[in-house]
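Student: Chain by chain, the residues run as shown.
Number of protein chains: 8
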Amino acid sequence: MTNAQSPALEVNNADGLTLARLDIGREERCGAPEAVFAQGKTPEDTLAITERLAEKQGHALVTRAGAEAMRLLRARWPDLREAAHAGLALVGTPPAVRDDGQHVAVAAAGTSDLPVAEEAVMTLASLGIGARIVADIGVAGLHRLLARLDDFRAASVVIAVAGMEGALPSVISGLVATPVIAVPTSVGYGAHLGGLTAMLGMLGSCSPGISVVNIDNGFGAAVAAARIINNAARLRRQEGTLP
Amino acid sequence: MTNAQSPALEVNNADGLTLARLDIGREERCGAPEAVFAQGKTPEDTLAITERLAEKQGHALVTRAGAEAMRLLRARWPDLREAAHAGLALVGTPPAVRDDGQHVAVAAAGTSDLPVAEEAVMTLASLGIGARIVADIGVAGLHRLLARLDDFRAASVVIAVAGMEGALPSVISGLVATPVIAVPTSVGYGAHLGGLTAMLGMLGSCSPGISVVNIDNGFGAAVAAARIINNAARLRRQEGTLP
Amino acid sequence: MTNAQSPALEVNNADGLTLARLDIGREERCGAPEAVFAQGKTPEDTLAITERLAEKQGHALVTRAGAEAMRLLRARWPDLREAAHAGLALVGTPPAVRDDGQHVAVAAAGTSDLPVAEEAVMTLASLGIGARIVADIGVAGLHRLLARLDDFRAASVVIAVAGMEGALPSVISGLVATPVIAVPTSVGYGAHLGGLTAMLGMLGSCSPGISVVNIDNGFGAAVAAARIINNAARLRRQEGTLP
Amino acid sequence: MTNAQSPALEVNNADGLTLARLDIGREERCGAPEAVFAQGKTPEDTLAITERLAEKQGHALVTRAGAEAMRLLRARWPDLREAAHAGLALVGTPPAVRDDGQHVAVAAAGTSDLPVAEEAVMTLASLGIGARIVADIGVAGLHRLLARLDDFRAASVVIAVAGMEGALPSVISGLVATPVIAVPTSVGYGAHLGGLTAMLGMLGSCSPGISVVNIDNGFGAAVAAARIINNAARLRRQEGTLP
Amino acid sequence: MTNAQSPALEVNNADGLTLARLDIGREERCGAPEAVFAQGKTPEDTLAITERLAEKQGHALVTRAGAEAMRLLRARWPDLREAAHAGLALVGTPPAVRDDGQHVAVAAAGTSDLPVAEEAVMTLASLGIGARIVADIGVAGLHRLLARLDDFRAASVVIAVAGMEGALPSVISGLVATPVIAVPTSVGYGAHLGGLTAMLGMLGSCSPGISVVNIDNGFGAAVAAARIINNAARLRRQEGTLP
Amino acid sequence: MTNAQSPALEVNNADGLTLARLDIGREERCGAPEAVFAQGKTPEDTLAITERLAEKQGHALVTRAGAEAMRLLRARWPDLREAAHAGLALVGTPPAVRDDGQHVAVAAAGTSDLPVAEEAVMTLASLGIGARIVADIGVAGLHRLLARLDDFRAASVVIAVAGMEGALPSVISGLVATPVIAVPTSVGYGAHLGGLTAMLGMLGSCSPGISVVNIDNGFGAAVAAARIINNAARLRRQEGTLP
Amino acid sequence: MTNAQSPALEVNNADGLTLARLDIGREERCGAPEAVFAQGKTPEDTLAITERLAEKQGHALVTRAGAEAMRLLRARWPDLREAAHAGLALVGTPPAVRDDGQHVAVAAAGTSDLPVAEEAVMTLASLGIGARIVADIGVAGLHRLLARLDDFRAASVVIAVAGMEGALPSVISGLVATPVIAVPTSVGYGAHLGGLTAMLGMLGSCSPGISVVNIDNGFGAAVAAARIINNAARLRRQEGTLP
Amino acid sequence: MTNAQSPALEVNNADGLTLARLDIGREERCGAPEAVFAQGKTPEDTLAITERLAEKQGHALVTRAGAEAMRLLRARWPDLREAAHAGLALVGTPPAVRDDGQHVAVAAAGTSDLPVAEEAVMTLASLGIGARIVADIGVAGLHRLLARLDDFRAASVVIAVAGMEGALPSVISGLVATPVIAVPTSVGYGAHLGGLTAMLGMLGSCSPGISVVNIDNGFGAAVAAARIINNAARLRRQEGTLP
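So the protein lines, in turn, are chains A, B, C, D, E, F, G and H. Residues 1 to 243 in the working numbering are what the first sequence spells out, letter by letter. Residues 1 to 243 in the working numbering are what the second sequence spells out, letter by letter. Residues 1 to 243 in the working numbering are what the third sequence spells out, letter by letter. Residues 1 to 243 in the working numbering are what the fourth sequence spells out, letter by letter. Residues 1 to 243 in the working numbering are what the fifth sequence spells out, letter by letter. Residues 1 to 243 in the working numbering are what the sixth sequence spells out, letter by letter. Residues 1 to 243 in the working numbering are what the seventh sequence spells out, letter by letter. Residues 1 to 243 in the working numbering are what the eighth sequence spells out, letter by letter.
There could be a bad hint or two in this list.
[Unchecked claim] Negatives, chain D to chain G, calculated, CB over 12 Å:
(1) VAL11
(2) THR18
(3) GLU28
(4) GLU68
(5) ARG74
(6) ASP100
(7) ASP151
(8) ARG153
(9) GLU165
(10) ARG236
(11) GLN238
(12) LEU242
[To be verified] Facing chain F, from chain G, some residues (calculated, C-beta under 8 Å):
(13) ALA8
(14) ARG26
(15) PRO43
(16) ARG52
(17) LYS56
(18) LEU146
(19) GLY195
(20) ILE215
By construction, these hints were calculated from the structure, which means they are not laboratory data. On a predicted model such as this, the values are computed, not experimentally measured, just so you know. Glycine included, each C-beta is placed from N, C-alpha and C at the ideal position.
The whole structure should be built from the sequences, with the hints applied where relevant.
Tutor: Pasting the structure below:
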C-alpha cells in the first residue's frame, strides 16, 4: 500500500488549517467511498468537505447532519435526496442501481424504526444497490412477519432493524438462510437504555448467524451488506457471469 | 395488623442469639408461606431454620442451598424432593394439588433453562398448584413454539423462562391472552451479562402484558403466579363455585 | 394461526409507503387491542395511524405522544381524554367499565409518581376495567400506607408505582395477598439512575410475589393487570357466574 | 412453515421428561444444522442430545462443553476433533470441504486469541467450509498485518478476532474490501471488562462495513460467514457455474 | 500537623523492604485506631503487621482476612475474638465498653446479613462501644420491625444492614429520629448486582437522614457510628457530665 | 404507631383528587419536618402543597424546584429565602438557630460545588441549626485545606461536598475526628459519570468513618447532620445541661 | 509546605462570601498555573475569578465556559484567544513559546475531534509550549497516518485525540518511541457511550506506553505533556545546556 | 516502514501452526522490547515463546503468568527474578541500570498495592531504569505522604499506585511538578467495582497533569515512564551531555 495508490485529499479552512484528509482511494481499496460524518463538525465545515468529496466522486453521502447543516446542504444542492429524521443527505448523482439479481431486504420492527431503515436504503442507493423495506413486522404480531418470509429468502442480505428488546433478527434468522445484519435502534425507554438492551440482546441471540452493527447505524449495516453482495459479484465476474 | 395476628417465631442458635424470626403468619397474610433463603447462611443454620419451619407448617421449601446444606437436608429428610441444579429442596408433605381447573404452563426456551423451570414447578407444588413444563421451544426454531400454543391458552398463567436474548416471553405474549410472567436466566455469556440482557429485554418488550422477575428466580415467578390463581379462586369462593 | 385469523391492516403514507401494519386481531388473540406507540413517529404519522385504529376499533389509545402530536390529536378529537404529563391520549369511546367485582388499586408512592399512575388508570379505562388511585403513601411515612391495606385487599391487582428506592411494592406485597405489579418511575436523581435503581430493587425484592414492568410503564402494568382479571373472568364465564 | 416441513425431534431423559426438541429441519431452513450448546446442561444430557443429533445428521458440533462433558464425548467418540480450550467438539463425519473457490481468513490479534479463532475454524469445518488462521497480527506491530493483506483479499470473508481494545477489525476493514466479521475476545483485564470494551469498540468502529458477534463467539462468526458464502453459492448455482 | 504529632511506625519485611507505615497517631487524631486491611496482603505480612500494631496499641482489629491469615492469627493469639464469616479478628485486649448511656442498635434485614452485622458489633467492641443486634426484621414481614422500634429509639445510632432491595433503612428512618447508617450487603443475586442495587437504593432513599457506607462494610459503619457517639461525649465532657 | 399519633393531611386538587398526604407528624417522629420534593410535580401542585405545609408548620422547605415553580413561590412569598442554582426555597419563618454549641462545617471542594453546599446550609437553617461554608479547598491545593482544620474540629459534623474524583472527604476524615458526611456532586465530565465516580469513590474510601448521601443531595446530608446533633442534644437534655 | 510558600488568594462575591481561593502558588509548586474551570459557576463568578487570576498572573486560561460566560469574557478582553467549540478562552498575555527544541504533536483521528485538539494546543500556548496538529488521520485510512510518522518522532510528546473506537493511540504507540498521551473524545454514538468506549479501549490497549486522560480533556493532556517536557528541561538546566 | 526494518519472528507449535510472530524490531522502533503476555496462553506455549524471545534479546519479561507457567519458567531459568503475586517473571540478563541521573519513584497507597508497584519496578529493571518504592502512604494518614515529597521531586516520573478511591495521584500531583502516571489497583471491594472506581476517579481528577493506565497495569506504567525518561535522554544525547 503506497500513498500514490491511496491518496488523501486535504481540505483546508480559510485560515489554512487542514480540516480533513479525504480518503479518496477508499472506494477502490474497500469497495465503498468515504462518507461525511457530520456529528461534531460545524455546518460550514460539513458543507466544505461535502463539496470537495462530491466534486471528486460525483456524489457524496452525509450522515448525522444537524438541522443547520441540512439547511446549508439543501441550499447548495436543491435536488438532494434526504432522510431528514436520520440526518442523512445524498448529494450529486449516485451510480445506477445494479441489475445483477442481488438486493437487500430491510425489515423494520416498528413504524418508529423507519428512519434507520431509510438510512440503510439511501446508503445502499449511494452504492448502486437496490433495497426494499418491509415495515412494522415486530414480533408482538408474528403473523405479519410470517407472511413475508419470501421477501427475506429472495434477498442477498436481510438488514433487520429493531428497538425495544430487539427480537426481530433472532426470529428472522431462525426462519431463513439469508445473511442477517441486525441494527438495534434507540426506540424505547427505561430498561431499553437508549438502545443498548436491543444491541446486547442481538449479540447474545440464540439464533446463530446474526451479526450486529452500532445502535441506529443504518449506514454501517448498508456498507456491510454491500461487502456481502460484492463478494458474490467478484466471484461471478471471475466466472464471467457478470460483466 | 398486630403482632398477635402476625406472630414471628424466633429461632436461636446455641449461644442464644436470634438467628431468624420466622414469619409464620405470612401464609394467612400473603397467600404463600415463608421459604428458607439459604444463600449466605451456614448449612447448620439452614438446617435449624428449616426444621422449625417444617415443624410449624408441615413442610418447608429451601431455595439457593449449597451442596453442604443440601447434604444436611437430605440426611435429615431422606425423602425430600429436590431440584439439585437449582439448589432447591422441599421437605415434609406439601398440600395436595388443587383440583379447580387452574394450573401453570412453564415454558423453557432451551434445555439449559430447565433448572429454573423446575424451581418454579417445585415451588408451585409446595403451594398445591399444578404445573407443566414445555421444554426447548426457543425462538430460533419457531415451529416448536407455534405447535404448543394451546398449552399456553389452557393455563391460568404462563411462566416463560429464557436466557440469551430472552425473546421467548415477547413472542408468547403476542400469541395468547394468558398472563405471562417472564423469568430471565443466567444461561449465556459475554454480552449476555449474566442474565441482565435477557432481563432488560423482557422489561423493554414490545409485547405488552409481560411482567418480569429477577434472573433465575423461578421461585418468585411461582409465587407471583400463585397470587394470580388465588385471585380467581377468591372470586369463585365468593360465588360459591369453589369450596 | 393464519393471516385470515389475525389480519394486519396497512396504513400507507402519501408516497404509498407502508407506515404501519395494524394488528387488528390482537384484541381477540391477546385480550387487549393494539395501541399507538408515538415515540419516534412524526406527529402526522401518529395522527394517521390513530385515525385508522380508532376507525376500526371505535377507540384508540396513544402512548408517549409529544406536545405536537398531542395538539394534532386534540384538534381531531376535541373530547379526547388525556394524561398530558404522561403523553397519553384516549380517543373515541372505550368499552363501558365492567361490573363484575374486579378492579385495580393503583398505589403511588409520591405525588411526583402520579402521571405514571394515571397512565395505568387510563389504559385500564380503555379496556373497560375500573381502577382507584391511592396517592402519596411512600414508605417514609408508613402509617399512610398501613391505613389503606383494605383498599389493596379488595382489589384483584395492585399496581404499585414508585420512584427513588422503589420500596413500596416490597412493603405492600408483604402485607396483602393480592397480585402486585411493580412500576418503577424515573422520579429521583443521582444514584437513582433514571429509574434503574428502583427497577433493580423491585426485581431483587425480598418480598416474593412481585413482578415488574419497565420504568414509567403504567401502560404495560395495566395490560398485565387486565390479563390477570381476564383469567378470573374466563373461569367464571366457564362456570356461568359471568355472562 | 408447517411442522411437517420443520419437524422437531424430542429427546427424553430416563424419567420421560423432554430434555430437548432437536431442530432437525434447521439445516434445510437456515443453511446450517443445529449445534449442542452445552453450558448449563449436565454432562449426561449433553451426551444424550449429541448422540441423537449425530445419529440424525451424521455429525454434531458441541460448544461450551466443560471438562466432564468433554470426557464423556471423548469416551463415546474416541476420534472426535476438539478445541479443548474453547470447549468445542466435533463428533462424527462432517461434510467434505467444498471446492468452489470460497474460503474464510481468520485473523487473530494475539496468541491468546487463538482458541476463539480455532472455534471458528472448526465450526466452518463442520459446515464443509475451508479456513486459514493468520495468527498474532495485532495492531501494536502493524508491519505483521500489512504483510498479510493478500490473505484477506483472497478470502470471501475475514473473521477478525481480537481482545484488549479490539482495534484489529477496524484496521483490516480500512485496508481491504472483503466482508469483515469482528469477534471480540475476553483476553485482557481491568478496563477490558471481560471483553465488553473490545465489543463496544468494534461496534463503534470508524471503519464502516464491520459487523460484530458476541464475545468469544467464534461459532457464531463462522455461521454468519457461512451464510455469506452460501449467498454467492446460491447465485452461482442459479447461473449453473456451481453444481 | 507535624510528623512528631502523627508519627508513622514502619514495618519491614525480611528483605528490609517497608511493608507498612502504621498510622499510630490515628486514634488521637481521628478517634479510632488504625486497623489491618488484610485483602491483598500475604498471610505472613498480615501477621507481621498485626503483631506490631497490637504491640503498640494493646489490641488490633483485622478485616477481610482469608482462611490462611485467620489460621496464622489464631495460632498466634489462641484467644482472639473472630467473626469468621466476615474475615474479622480482634486480637489483644480492647478497651472496656463505655458506660455512658450511648450504644448502637444494629438491625439486620435477614439471617444472611448477620455476618456484616457482627463485623459492625466487633468493630464497636474494639472501640469500647456497646451494641445490640436486632436480627431478621426485613420489610417483607413488617410486624417484626414495628415491634422493635423502641430498640432503635433508645440507641444513639442505628446501623441498618440489608441486602436484596435494601429497603430496611428507609423504613426505619421514617419511623424514628435516631441517626441511621445504612450498610448494603452482597446478599442477593441477579438484579441485585452483588449489592450495588441495595447500595444505590439506600442512597436514593425517599426517607431523608440516611447516610450510606460501602457494601458489606460493617467496619466502616461502626467507625462512623463511633464518631457520632464521640461527638456527644465531647460535648458532655466539656459540660462535665462525662469524665 | 397509630394514625392518630402520625396523622396525614390530604391535599386535593380542583377535581377532588388527592395530590398529597402531608406527613405532618414527621417532625415529632423523626426530628425533621416533611419537605416538598418538587421534581415531577406541576408548578401549581408544588405551590398548593407548599401552602398547606407552611400553613401547618409555619414554614416549608421546597427542593428541586424548576424555574416556573420558583416563580410561583416567589410571587406568593416575596420574602422567601432561596438558593436558585439548587432549586431550593425556604418559605415562612423557620425556627431560630439553636444556641447550644453545636453547628455544622460545610466544606466545598470547588467553587462549582457551592450550590450543593448552600442547599445543605439552607436546609440546616430550616431546622434551626447553624452552619459555616469553607469554600474552594479541593485536594489539588492541599495547603488551603490544611489551614482550616480547626474549623472542622470545632464542628459537630462536617459535610464535605466534592465533585470530580471526590477525594475531599477522605482527606478530611483522615485529619480530624468529627463525623464526616460526604456529598458527591455532579460537577465534572466524562469519566465523572454525572457524579457516580465521586459517589463510588467516597463509598470506597480508604479513610473509615465517612458515610455518603446521594449525588448533589445537600438536603439529605443536612437532615443526617441534624440527627447527629439531635443525638447529643437528647442526651444533654436528659442530663439537664440543655433545656 | 507552609501557607506562606503556597498562598491562596480569596475571591469574594458582593455578599462577602468566599467564592474561590486561588492557588497562586501552583505554578511554582507544580509547573503550571491554576486555570478557571467554568462548569457549574455563574458567568459572573467566572468573570470575577478570571479577572483576579489574570491580574496576578498576567494571563488566565478558562475551560468549559458556556456561551454567556464566553460573552462576558469577550466583552472584558476583546482580544482574547478562544476555541469556542471547546468552551476555552485564554485572556491576557501568555509566556512566549520556548525555543528549546521541544514541542508537542497533536494527532486528531477525525475532523470532529479537532475542538479537543485545539483545547490542547491553546493550553500548551498558555504554558509557552509549541504544538502542531496533524488532523484527520484515523485508522480507517491508515496511509494518512503512515505518511506522518516523522512528525511524531520529532516531537517530545504525542497527544493522540480520537473518538469512536479510539484506536489511533494504539497504532501510533506501536510505530514510534515518543511518549503518547491518549485523549478519548465524545465523538460517536450508541455503543460509543459518550466516549467511555474510546476511553476504556485506550486504557486496555495492546500497545504499551500509552497513558490516558479524561474524555475530551485536551486541557489535562496538555498539562501532562508540559510536565514531560519540563522533566527534560530540568535536567538540561542542571547540565547547563538550557538557561 | 518496511518488513525488513521491523521483522517478525514466527514461533510455531509442534503441529507447525504459527503461535506467535515476535515483534523483535519493537525495541528499536518503540524504545522497549516486546514482552510475553501470558494470560490466555497455555503454560507450554508461554515457555516456548519466552525461550525464543530470550534467545533473541538476551532477556525476556513475562506478565500475567499463572502458577503453572511460573513453575515451567522457574524450572527452565532457576535464577529468574519474579514478582509472584503479580505473575511477573524476568528471565535472562536485562541491561544494566543506566547511570544518567533519571529514575522513577513508585508510590504505593497501601501495603496491598505493593505487588503492582513491584510489577512496575521489575519492568523498569528490564529496561535498565532504576526505581524506588515509597510504600503505604495513602491519603488517610497524610503526614506519611507529606514527609516524602522530596522523593517525588527528585524523580523524573512518579508512578502512583492506589486502590480504593484512588486519591493518591491527585494529592501528589497537587504537591510536586513531576509527571505523574496513575495506576489504579483492584484492591478494594463493593463500590470499588474491581478497580473501576479508582480508575475513573484518577481520570476525573481535579489535579491536572495526571495520566492513567489500566487497572493493576504496573507494566504499562513502567513502559510509559520509560518513554518519558527516553525523551530527556534523546535530547541530552543530541546535546552531547549523554553518551
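Student: What hints, given by number in increasing order, does this structure fail?
Tutor: 9, 15, 16, 17 and 18
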